[in-house]
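Participant: Residue numbers (this note's numbering), protein chains in the order written: chain A, 1 to 478; chain B, 1001 to 1478.
Hints are computed from structural coordinates only; laboratory data are not their basis.
Watch out, some of these pointers could steer you wrong.
[Stated by the list, open to error] Here are the computed lysine-lysine pairs in the DSS-like style, where the Cα-Cα straight-line distance is at most 30 Å: (1) Lys9/A - Lys1321/B; (2) Lys242/A - Lys1058/B; (3) Lys80/A - Lys51/A; (4) Lys1321/B - Lys168/A; (5) Lys384/A - Lys1058/B; (6) Lys301/A - Lys1321/B; (7) Lys1467/B - Lys1004/B.
2 protein chains.
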Amino acid sequence: MDEKKLPSKEENYSDWYNQLVLRAELADYAPVRGCMVVRPYGWALWENIQKTLDRRFKETGHVNAAFPLFIPMSFLEKEKAHVEGFSPELAVVTHGGGTKLEEPLVVRPTSETIIGTMYAKWIQSYRDLPVLINQWCNVVRWEMRTRLFLRTLEFYWQEGHTAHATAKEAEEETLRMLNIYTDFAVNEAAVPVIPGKKSESEKFAGAVHSYTIEAMMGDTRALQSGTSHNLGQNFAKAFDMKYLDESNQLEYCWTTSWGLSTRFIGAIIMTHGDNQGLVLPPNLAPIQIVIVPIFRKDEEKTAVMEAVAKVEKMLTGLRVKVDDRMELTPGFKFNDWELRGVPLRIEIGPKDIQKNSVALARRDIPGREGKSFVPQEGLSKTVKTLLAEIQQNLLIKATCFRDEHIFEPNDYEEFKSVIADNGWAYAWWSPNIENETRIKEDTKATIRCYPIQDSEGEGTCIYSGEKTKQRAYFARAY
Amino acid sequence: MDEKKLPSKEENYSDWYNQLVLRAELADYAPVRGCMVVRPYGWALWENIQKTLDRRFKETGHVNAAFPLFIPMSFLEKEKAHVEGFSPELAVVTHGGGTKLEEPLVVRPTSETIIGTMYAKWIQSYRDLPVLINQWCNVVRWEMRTRLFLRTLEFYWQEGHTAHATAKEAEEETLRMLNIYTDFAVNEAAVPVIPGKKSESEKFAGAVHSYTIEAMMGDTRALQSGTSHNLGQNFAKAFDMKYLDESNQLEYCWTTSWGLSTRFIGAIIMTHGDNQGLVLPPNLAPIQIVIVPIFRKDEEKTAVMEAVAKVEKMLTGLRVKVDDRMELTPGFKFNDWELRGVPLRIEIGPKDIQKNSVALARRDIPGREGKSFVPQEGLSKTVKTLLAEIQQNLLIKATCFRDEHIFEPNDYEEFKSVIADNGWAYAWWSPNIENETRIKEDTKATIRCYPIQDSEGEGTCIYSGEKTKQRAYFARAY
């Protein structure tokens, strides 16, 4: 670990983020432009994200599978909007086994087309529906400007692809998965996302409409953190995905797709991180508790290490790490684990042994205020309660921060100043693609979403002045 | 599901295998030559393989990470033997984001080179060692002749890559992982593999030496089912992977790599499968128990389905599936789940309800002999004992089959007839690459391994007639 201090968020947010990712050993730059190595600490976080999401997918009847990495170029071309959206970002394999391929293969940027092809083969009758399949995999999009986790050439995600007998079922599924993402973000990651619908210009290439969860980062910019698409019959028609219904009529299926990626790690970093480094929500933290033994003289060592082992055993079932590195000072270790965002630190020294207590330090409350001394008796329960409290506190803090930075401008001048001051604008909006483009040119802000839970009523569009019943969130985004 | 019978193993083993994989819905052919789709049932099996292996990796101090899919061509060229071994099999990305790349990127066939590059950056001192990282990922090798699971262009695996301070530690690690593979194969998959060392001509491209676990398939051909390589300092030197030792001297690291892939699913199929279909070991089976309700008249239905629900609840914690498809007959369902290899079937009909019992049918013992009637009381315990018995029985059966087909020929004529009759030959052998090639030309047999646990003594080489202390397993292999 590097002993230099992190740049502060206020000084240079972007630099703070990059340094934090590198120094907390979440990820590193790969020798291939725009690619990343997810290091063990970062991958352990991703594994916890995977577990908590995968459980939710399986509880709602989904199963996992694996579809090929390579997609024939011609498949992408079958859905017009889809190929237009993705063609600038493709990585293409032209040679295999030493010879030039007859048809170039695309490294999947997303798998609607290859999965559509298989579903068309597998689905015959209404009895085969719904098909509810997810895959955890890597995808590649040839991005020009990349950032660790936020936008990389190769990234890791899950992509769910479902096929249904009716439009209604497909829409229900699309919203079910949006709700699962929201539930995961709020209750596991303590990221208070706003679920909503994408505008026409921001929807997925090939979708009828797209839903999104939008999170506010520590610099108030928005991060699209997961999406769920209703694909209607667009892909079913492109890939001839038909079924015989109960009255023996051949019908096209209705399909959906939904994905959440390693980008979400960026959301966690930028929602909770502070100038000391990462702050991880206990539900997802690879290490929930670090135990640091404290002793000055060698004769104290044995007793302290015994007490540490005893305490570690008390905490079985929690994710605990004992930092027994002998060459480093406690102060160095404190900084190190704060940088890595471990929610709770336990310190055990000779005095604690005498008192049969331990010292606790919360990562979410820096300094003295976050410290307490508790008896070893009942420690497991104490610590579990505290971890739940930390989890809750992170969500509350992030929700307050978010709400403090959402404004409701009354006219376009106010709107522009809200965006310029890096807040979000929640404004009446009469959907219009050209106006959307003009606002983006003026302010760099885009429509993040039309919220699912919107207040009723009517107002005046912030840009056109037209009467409208719709409101939208506008923000600059990653 | 298809109602046609499977081809028999005796009639056409290869056709039996292919049909079984397709009809049990383990995998399907992808529209890209040589690629496969792993279907949900096959992927659930792989997830169970992953869980049981990953637990073992983590218990021995390994952590997971993710390294990039793309490797610059020049990296592969840094280790001479490595690039020679892999260059005929590479898939190459030449275009990205619409433009031709300056340096072509290889889709990883294995990751020693990219990981070596990162380790060289991360490792500074002896304190950073050992590095014990694994990744679960997809890899691509441009194979000409492919078979579902056994050899596909893209496959899924784990690859462990470790770096150590001494040659001794690296060799210990290589053998530790070989032992983990053996333990997994024997105790989870009931595949009685023979662990051993590869001959010089069969070792990994770039390794000092390679270890393997070799399994005998139902047609007596061998399947290499997992490998562990001691890479010595070959890759450390090629990638400048150095550390400062305790006396402040700069030393090269010693590295290992080890992998087990979706090919192992082929090993499970061909070790246990029979003419009814798949036979899965209970420890890995996605569904351990299927419950089939039996009733003829509609008035029986309610009582039977209630009893089924009651029994299902008794078996909480086991992987249970209730087949409540109303449009299908029990007989059809029996065949269906036998084809899919579910270890245990529970039948519940009106008579069983009267007697407060259920009927059990073991997949590993076909027909009446495998059927029993047991009380519902204590069913969970009964069933757990039975699953353990099935697991054990599969291992015993496979071990007997293996041992019945290993012969110890006394001379080369006998050797040739052993191989021609599709057995394995366990023979005295004086290592010689040219003789190895001649034997392969004569018989299509290769050295599978020099077993780890070898009997002592001395004998006469089966081919050269030289005195030798070494014995080897020879067989035709997949």
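Participant: Indicate, hint by hint, whether the structure satisfies it.
Facilitator: Hints, one by one, checked against the model:
1. Lys9/A - Lys1321/B: Distance ~52 Å between lysine 9/A and lysine 1321/B Cα, so the pair is violated.
2. Lys242/A - Lys1058/B: At roughly 45 Å apart (the allowed maximum being 30 Å), lysine 1058/B and lysine 242/A break the hint.
3. Lys80/A - Lys51/A: 35 Å, violated
4. Lys1321/B - Lys168/A: Holds: lysine 1321/B and lysine 168/A sit about 28 Å apart, inside 30 Å.
5. Lys384/A - Lys1058/B: Given pair lysine 384/A, lysine 1058/B holds - Cα atoms ~24 Å apart, limit 30 Å.
6. Lys301/A - Lys1321/B: 54 Å, violated
7. Lys1467/B - Lys1004/B: Given that 30 Å is the threshold and the Cα spacing comes to 55 Å, the pair is violated.
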